[in-house]
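Asker: Residue numbers (the working numbering): 14 to 413.
Treat the hints with care, as some may be off.
[Said to hold, decoys possible] As a list, the in silico PhoX-like pairs of lysine-lysine whose alpha-carbon atoms are at most 25 Å apart: (1) K316 to K41; (2) K41 to K334; (3) K41 to K74; (4) K170 to K149; (5) K149 to K74; (6) K163 to K149; (7) K282 to K243; (8) K412 to K335; (9) K151 to K170.
Calculated directly from the structure, the hints in this document are not laboratory data.
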Amino acid sequence: MKKVVCSAVALALAAGTFMSCNGGNGSKVLNKDKPLVFFNRQPSDPNSGEIDMNSMNWNDKTYYVGFDAAGGGAVQGKLIADFLATSDPAKIDRNGDGTVGYVLCIGDVGHNDSKARTEGIRKALGTWDGSTDPGKVKEGSIKVGGKEMKVVELEGKAMTGTDGSTWNANAATEAMGGWATKFGTAIDIVVSNNDGMAMGCLQASNYPAGVPIFGYDANADAIEAIGAGKLTGTVSQNVDAQATATLQVLRNLLDGLTGRDVVESGITKADKYGNQISAAIDYIPATKALLAQNTGVNSSNWKLYTAGQRDPLVKQSNAPKKKVLLTIYNSADNFLSSSYVPALNYYAPLLGLELNIVQGDGQNESSCIDKFTNLGNYDAFAINMVKTNSGRDYTDKLKY
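Construct the complete structure from the given sequences, taking the supplied hints into account.
Answerer: Next up, the structure:
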């Protein structure tokens, strides 16, 4: 009889379902009823930014984990404004024309996070004209060392690689080389939507020495660059908090928690295993989103963000082992590969989760979708899409 039951399991797996083989309770979990967490890229319209609530309401076990994008953009803008407020105008204004000129590396014009950062930068510098598109700016002004100075965005450009991938560091290196030649000493500041592109700018052979440059993500190499005086500042989106929250929500759902317990247990209060995330995380019920808070990083506090530090409040638990299929939109993404994935791999075993991480090429959704297979073998799913409007491509596969 035991062989018959386990054969039924094999048939159920082939059909994309799971049936318990633990001696007769006969429980059956369809893929469409399993926990699903979107992370890092919130399902949304790439043009309007409107959240795709059809994907977010796929089932009652669907959530999003990310960070406060709008708040993060404001943090980056404040980081820049605070730096200028205490700077010597004569050192900032390299050509002495009374104008602060800056260039801007845009990650992806259709990505909500990129839009929020561009908006935060432009609002802080006074160049915001109601749009995050390249070139849609106005003349601004800001105080530099107590002196009011004019601000102009010399050029803003989306960093798209030759393969079509966005947030591309190599494209930023090439763009920076062109900007340095084109604008010369008119460039007083360089600003980037992420650290990968900022570090790419620094790789340009003709990068103007001493020009302040700001990134976003607090990647390990960026933190080291701040310590070495090469990068001026960045923003931490608390990657450990995000990675742990992604896994903790899945853990809570797999343990049968419901309601507020799903988004609070192990996150804002200790779970039954004694774990709790240290960093602040807010829950937005309207969009089913858990958002980590951001902090500015510069020469005054960079040592607090050096690599290897993990959340001391998240420790080994005796949670029952569960399997999770997790997608990463681009294996070459600097933030995800150097920060997010290592954090996931550190915390998953502590929470009793076994991850199968599949990675895409950052350009074609199929590079992830084609690996989003054998779904019946997994207890839960975590999805990082190539494009933010691709939520349905994944949920459609969970119907069967």
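Asker: Each hint: holds or not?
Answerer: For each hint, the structure was consulted:
1. K316 to K41: violated (50 Å)
2. K41 to K334: Satisfied, since the Cα-Cα distance of roughly 18 Å is no more than 25 Å.
3. K41 to K74: holds (16 Å)
4. K170 to K149: Given that 25 Å is the threshold and the Cα spacing comes to 11 Å, the pair holds.
5. K149 to K74: Violated, because 40 Å separates the two Cα atoms, which is more than 25 Å.
6. K163 to K149: Holds - the C-alpha atoms of K149 and K163 are around 17 Å apart, at most 25 Å.
7. K282 to K243: violated (39 Å)
8. K412 to K335: holds (21 Å)
9. K151 to K170: The hint holds at about 16 Å.
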